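Please model the entire structure based on the sequences and the hints provided.
Sequences listed follow chains A and B, in order.
Using the working numbering, you'd call the opening residue of the first sequence number 1 and step up by one each time.
Using the working numbering, you'd call the opening residue of the second sequence number 113 and step up by one each time.
Hints are computed from structural coordinates only; laboratory data are not their basis.
Predicted model only: the values in this text are computed from it and were never measured.
Heads up, a few of these hints could be off.
Unchecked claim - Here are the computed lysine to aspartate or glutamate pairs in the EDC-like style, where the Cα-Cα straight-line distance is at most 20 Å:
1. K3/A - E17/A
2. K18/A - E79/A
3. K71/A - D26/A
4. K3/A - D28/A
5. K115/B - D59/A
6. K53/A - E69/A
7. K211/B - D38/A
8. K57/A - E203/B
9. K211/B - E123/B
10. K3/A - D179/B
11. K211/B - D59/A
12. K53/A - E79/A
13. K53/A - E22/A
14. K115/B - D194/B
15. K55/A - D38/A
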Amino acid sequence: DVKVTQSSRYLVKRTGEKVFLECVQDMDHENMFWYRQDPGLGLRLIYFSYDVKMKEKGDIPEGYSVSREKKERFSLILESASTNQTSMYLCASSLLGARGYTFGSGTRLTVV
Amino acid sequence: DAKTTQPNSMESNEEEPVHLPCNHSTISGTDYIHWYRQLPSQGPEYVIHGLTSNVNNRMASLAIAEDRKSSTLILHRATLRDAAVYYCIQENTPLVFGKGTRLSVIA
Chain A
1 DVKVTQSSRY LVKRTGEKVF LECVQDMDHE NMFWYRQDPG LGLRLIYFSY DVKMKEKGDI
61 PEGYSVSREK KERFSLILES ASTNQTSMYL CASSLLGARG YTFGSGTRLT VV
Chain B
113 DAKTTQPNSM ESNEEEPVHL PCNHSTISGT DYIHWYRQLP SQGPEYVIHG LTSNVNNRMA
173 SLAIAEDRKS STLILHRATL RDAAVYYCIQ ENTPLVFGKG TRLSVIA
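Here it is as structure tokens:
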């Protein structure tokens, strides 16, 4: 069964910490995505990547960066965590365009 | 911005068919319509997609209007496990999710 695995299900970090959220897919997908999901706001796109070492800003990239050194791994980095980054973070991958996204189970991050 | 319009919520009785509507009046001739659903405490999962004609798979059916400005996701017999938020998405890369329709299934 194909999978997108997010390293942590729950995470608690302190304000100002540098936070790494890891995402690994085993489907040899080209495309990978990071979304955050908040009540009443739905899923919002943070960053995405269509190839190794390639990255594109989504709708809300401020306060985040990403790294894609290998095809299967896409990391989301919170340079200096703030309380307004408390959210559910969802990683996804896809082979072609908009079809057949596979999502991970999410990481619920709390910044205190 | 999401380019589709869906009702905020719907309710269905268990084992009844459910028709989830979606309007996408600005769709172009080559854009597919995609449906995803998100079960509680999980990431979204792919349900179905289509272009012009009706589509069926093991999860659901997708009926697309002749003018392609609307579509309907059909769950033939709703179960309690179908309670989820259903997203209708006009093809875009990357996917842009709207608020979706929260489906409640009553036993």
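Hint numbers contradicted by this structure: 1, 10, 14 and 15
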